[in-house]
Amino acid sequence: METKNILVVGVGGQGTLLTSRILGNLAIHSGYDVKLSEVHGMSQRGGSVVTHIRYGDKVYSPLVEIGKADIILAFEKLEALRWRHYLKKDGLIIVNTQEIDPMPVIIGAAEYPEDIIEQLKKEDNKVIVADALKEARKIGNFRVVNTVLLGLLAKNLDEDKDKWETAISQTVPNKTIDVNVKAFEAGYNL
Amino acid sequence: MADKKLMLGNEAVARGAYEAGVTVAVAYPGTPSTEITEFVAKYDEVYAQWSPNEKVALEVGIGSSISGARTMVAMKHVGVNVAADPLFTVSYTGINGGLVILAADDPGMHSSQNEQDSRFYAKSAHIPMLEPSDSSEAKEFVKEAFDISEKYDTPVMIRLTTRISHSQSLVQLNDRTDVALKEYVKDFKKNVMMPGMARARHIVVEKRMNQIEEDCNTFSCNTVEMNDTSIGVITSGVPYQYVKEALPNASVLKLGMVHPIPKKVIEDFANKVDTLYIVEELEPIFEEQIKSWGIEVIGKEIFTVQGEYSANLVEEKINEHKLNLAVPKQLPVRPPVMCPGCPHRGVYYVLNKLKKHATGDIGCYTLGALPPLEGIDTCVCMGASVGMLHGMEKARGKEFIKDWVGIIGDSTFVHSGITGLVDIVYNKGISTVIILDNSTTGMTGHQDNPATGKTLKGEDTHVLNLVELSHSIGINSVRVVNPFNPEEVETAVKEETMKEEPSVIIASAPCELLDKKRKRVPYRINVDACKNCKMCMKLGCPAIQNKDGKMIINDTLCSGCGLCSNICKFGAIVKDGE
Chain A
1 METKNILVVG VGGQGTLLTS RILGNLAIHS GYDVKLSEVH GMSQRGGSVV THIRYGDKVY
61 SPLVEIGKAD IILAFEKLEA LRWRHYLKKD GLIIVNTQEI DPMPVIIGAA EYPEDIIEQL
121 KKEDNKVIVA DALKEARKIG NFRVVNTVLL GLLAKNLDED KDKWETAISQ TVPNKTIDVN
181 VKAFEAGYNL
Chain B
1 MADKKLMLGN EAVARGAYEA GVTVAVAYPG TPSTEITEFV AKYDEVYAQW SPNEKVALEV
61 GIGSSISGAR TMVAMKHVGV NVAADPLFTV SYTGINGGLV ILAADDPGMH SSQNEQDSRF
121 YAKSAHIPML EPSDSSEAKE FVKEAFDISE KYDTPVMIRL TTRISHSQSL VQLNDRTDVA
181 LKEYVKDFKK NVMMPGMARA RHIVVEKRMN QIEEDCNTFS CNTVEMNDTS IGVITSGVPY
241 QYVKEALPNA SVLKLGMVHP IPKKVIEDFA NKVDTLYIVE ELEPIFEEQI KSWGIEVIGK
301 EIFTVQGEYS ANLVEEKINE HKLNLAVPKQ LPVRPPVMCP GCPHRGVYYV LNKLKKHATG
361 DIGCYTLGAL PPLEGIDTCV CMGASVGMLH GMEKARGKEF IKDWVGIIGD STFVHSGITG
421 LVDIVYNKGI STVIILDNST TGMTGHQDNP ATGKTLKGED THVLNLVELS HSIGINSVRV
481 VNPFNPEEVE TAVKEETMKE EPSVIIASAP CELLDKKRKR VPYRINVDAC KNCKMCMKLG
541 CPAIQNKDGK MIINDTLCSG CGLCSNICKF GAIVKDGE
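If you're matching them up, the sequences are chains A and B in order.
So the first sequence is numbered by the UniProt record's numbering: it starts at 1 and just counts up by one.
So the second sequence is numbered by the UniProt record's numbering: it starts at 1 and just counts up by one.
Worth flagging that the hints you see were computed from the coordinates, not collected in a lab.
On a predicted model such as this, the values are computed, not experimentally measured, just so you know.
Some hints could be false.
[Stated by the list, open to error] Partial list, derived from the structure: chain B residues whose beta carbon lies under 10 Å from chain A:
#1 VAL238
#2 GLN241
#3 VAL305
#4 GLU308
#5 LEU367
#6 ALA369
#7 PRO542
[What the hints assert, rightly or not] Below, in silico cross-link-like pairs of lysine-lysine (DSSO-like), each with a Cα-Cα straight-line distance of 27 Å or less:
#8 B:LYS575 to A:LYS138
#9 A:LYS89 to A:LYS122
#10 B:LYS317 to A:LYS68
#11 B:LYS329 to A:LYS121
#12 B:LYS151 to B:LYS182
#13 B:LYS317 to A:LYS182
#14 B:LYS329 to A:LYS68
#15 A:LYS4 to B:LYS517
#16 B:LYS517 to A:LYS175
#17 A:LYS4 to B:LYS4
#18 B:LYS329 to A:LYS122
#19 B:LYS534 to B:LYS569
#20 A:LYS155 to B:LYS5
#21 B:LYS534 to A:LYS182
#22 A:LYS138 to A:LYS88
#23 B:LYS329 to A:LYS88
#24 A:LYS134 to B:LYS516
#25 B:LYS4 to A:LYS134
Ideal Cβ placement from N, Cα and C applies to all residues, glycine included.
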């Protein structure tokens, strides 16, 4: 199989790394070579975070090249725009409508762009927009936004749904398996 | 595939140590090296510990090795500076049980204050160094390093970079080989490095390195892949992966050993290719060495000495392929910030309000340098806040320093702030040092330290008492404050900075992320009481946001610390449900 390139982008603390680990485990189950890499500044919350996931017959670089991502899964709207140039022509971008103001916006030194979805749609790519925070709140835990989005991603990839649920169960802490599987279903059915 | 596991480079290093029969592992946490020792600690067969700093960690490691155990010591690149003193001399004494030192570089400075290249240390300390290019090699190279260490009676360094330490790839697990402790034999000519013995050992070191230089021409970690010979590339570490990605048809010499490098293999490779490139992140170390042998290569003429490389970069520089890369528009940057609920925020708020200057240090609290808190003026290295503060007083006098404090975290204070504080007392300084004691090593992800009462293995231990310690080194004025109570902090800062004697303020509250089970009740803004004065915005709390001119608190971010409520003059910030 030709190498699949996926970017998971968001804000530190949103669970991008956990999500990419689930993807990594899924790739192992499917018998692929796989590499993951998280790029972020320092280990605090609040910074811009991007995780690169690459799987296929043989993977060299742990980083996706600019203009070569098949899919970008964005946990936050502004981050979708920040990383969009990694997407290949006709690639898919899945964007959560959640907004988290960066510090320069909070202190009034910058403005949060208003027309992000329109800008994303202007390019040669497919865009799926979702309010995953609303779905997570419906399940009763706003922290599972990431798994809702993973469900949405799964619907757009070719792997069996059973494999996904196994990968989730093997990756998340035991006591959160149920709520995560529920969130995954919610995303899958969006 | 069941026996293959997706592992972080650091986790693979730990696995390598386990499989190599290591029985002692020592470190001070530092990104990107931290997880190495955290993962090693999970193996019951290995004794693992945090030391107060890298110098002590290496000294513990040297002792362990000389007494006969296979030993691993891990640190980040700037940690090697701290450990440099014993490092240069353990090269002379050599080892008994194998000794492997991990140095994790950070090209691109994802979480560091400089971009130094640890290969220089290997060269100048005359220590062989290996560099893996993915997790699988990370594990194998650790095992290889122990064999080299014992075969040649030398410590061996392994260089990692952030992209190896913190990326995950597949690793084949093997069984552990238990290695018996070597017999300890007293040998003062080998282990007592006073001038007479050291001169003799320097000769041994030179012979050893000459031997390794010769032998490394046949080491299996250096590999040649001959393809199209119009382009040849010499590379190592993660740049090897970028080269393979960008130039799948090129011929590649991958150096698994990065010091010394195999002259015969390189000459042979150079003769077979038309144009030879060197692709190495950071400094032109291979390049200068290879050019000195009279071999023509292209390196830093086209490649940068700054930051991380990528397949894009290799493609662009070597293929001169005009990549039509869309440049993203200028978007608001998203720098990391102190978490909602961070206890450091209250101290910076007060310093800002009082217009105090501060020498700062390495830790989460370094983020207090950014607007709106702008709470520190300097940041150089661990422990520097204390020493620099004293230097400022001696340069500018007692009145000047009354507008200043030094800021340091608990772990950093133990790492290298204590000696600075001793210096202030000894040399009759009057400075005020604020220890931000959040009961953990926050920035690297919550490692225990001598002030937390827990060891790396999770056992209870003696708690270093920062108040008593300060008293015992001669600080009479020591007070503990609650950083969530700005009035209390303000009074303490005002009074202590006015005193003409050295003083210590300990701002004590645990890191917000330590207690995961605590129920967090968020605050909200009572819009009827809010006068829109924007005082709360001065805290730089990411949970407080200005939506269309109105303050709101984001309930998915608020930790319920109440600091904003404590500074709101109108009582407009209330707990949800009140």
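Hint by hint, here is what the structure shows:
For VAL238 (chain B), the suggested interface contact is upheld, since its CB lies about 7 Å from the closest CB of chain A, less than 10 Å. The interface hint given for GLN241 (chain B) is met, as the beta carbon of that residue sits about 4 Å from the closest beta carbon of chain A, less than 10 Å. Annotation: interface hint on VAL305 (chain B) violated; nearest CB of chain A at approximately 20 Å, more than 10 Å. The interface hint given for GLU308 (chain B) is met, as the beta carbon of that residue sits about 9 Å from the closest beta carbon of chain A, less than 10 Å.
The closest approach between the C-beta of LEU367 (chain B) and any C-beta of chain A is roughly 7 Å, which is under the 10 Å cut-off, so the hint is satisfied. Using the Cβ-Cβ criterion of 10 Å, the hint placing ALA369 (chain B) at the interface with chain A is not satisfied: the shortest such distance is roughly 12 Å. For the restraint placing PRO542 (chain B) at the interface with chain A, the shortest Cβ-Cβ distance is roughly 5 Å, inside the 10 Å limit, so the hint holds. Taking the CA atoms of LYS575 (chain B) and LYS138 (chain A), the gap is near 23 Å; set against the 27 Å cutoff, the hint holds.
Between LYS89 (chain A) and LYS122 (chain A) the CA atoms are separated by roughly 12 Å; this keeps the pair inside 27 Å, and the hint holds. Restraint check for LYS317 (chain B) and LYS68 (chain A): satisfied, since their Cα atoms lie roughly 18 Å apart, inside the 27 Å limit. Between LYS329 (chain B) and LYS121 (chain A) the alpha-carbon distance is near 15 Å, which keeps this suggested pair within the 27 Å criterion. Proposed proximity of LYS151 (chain B) and LYS182 (chain B) is supported: the alpha carbons are some 13 Å apart, at most 27 Å.
Restraint check for LYS317 (chain B) and LYS182 (chain A): not satisfied, since their Cα atoms lie roughly 48 Å apart, outside the 27 Å limit. For the suggested pair LYS329 (chain B) and LYS68 (chain A), the alpha carbons sit about 19 Å apart, so the restraint of at most 27 Å is met. Among the hinted pairs, LYS4 (chain A) with LYS517 (chain B) is inconsistent with the structure: their alpha-carbon atoms are about 38 Å apart, more than 27 Å. Straight-line distance between C-alpha atoms of LYS517 (chain B) and LYS175 (chain A) comes to about 13 Å, which keeps the hinted pair within the 27 Å bound.
For the given pair, LYS4 (chain A) sits about 20 Å from LYS4 (chain B) by alpha-carbon distance, which is consistent with the 27 Å threshold. Among the hinted pairs, LYS329 (chain B) with LYS122 (chain A) is consistent with the structure: their alpha-carbon atoms are about 14 Å apart, no more than 27 Å. With a C-alpha separation of about 11 Å, the suggested pair LYS534 (chain B) and LYS569 (chain B) falls inside the 27 Å cut-off, and the hint holds. Our distance criterion of 27 Å between C-alpha atoms is met by LYS155 (chain A) and LYS5 (chain B), whose separation comes to about 26 Å.
Pair hint LYS534 (chain B) plus LYS182 (chain A) does not hold up; C-alpha atoms about 40 Å apart against a cutoff of 27 Å. With a C-alpha separation of about 34 Å, the suggested pair LYS138 (chain A) and LYS88 (chain A) falls outside the 27 Å cut-off, and the hint is violated. Of the pairs offered as hints, the one joining LYS329 (chain B) and LYS88 (chain A) holds, with about 17 Å between alpha carbons and a cut-off of 27 Å not exceeded. For the hint pairing LYS134 (chain A) with LYS516 (chain B), the CA-to-CA distance comes to about 24 Å; that is within 27 Å, so the pair holds.
With a CA separation close to 38 Å, the supplied pair LYS4 (chain B) and LYS134 (chain A) exceeds the 27 Å bound.
When held up to the earlier numbered hints, the structure conflicts with 3, 6, 13, 15, 21, 22, 25 and fits the remainder.
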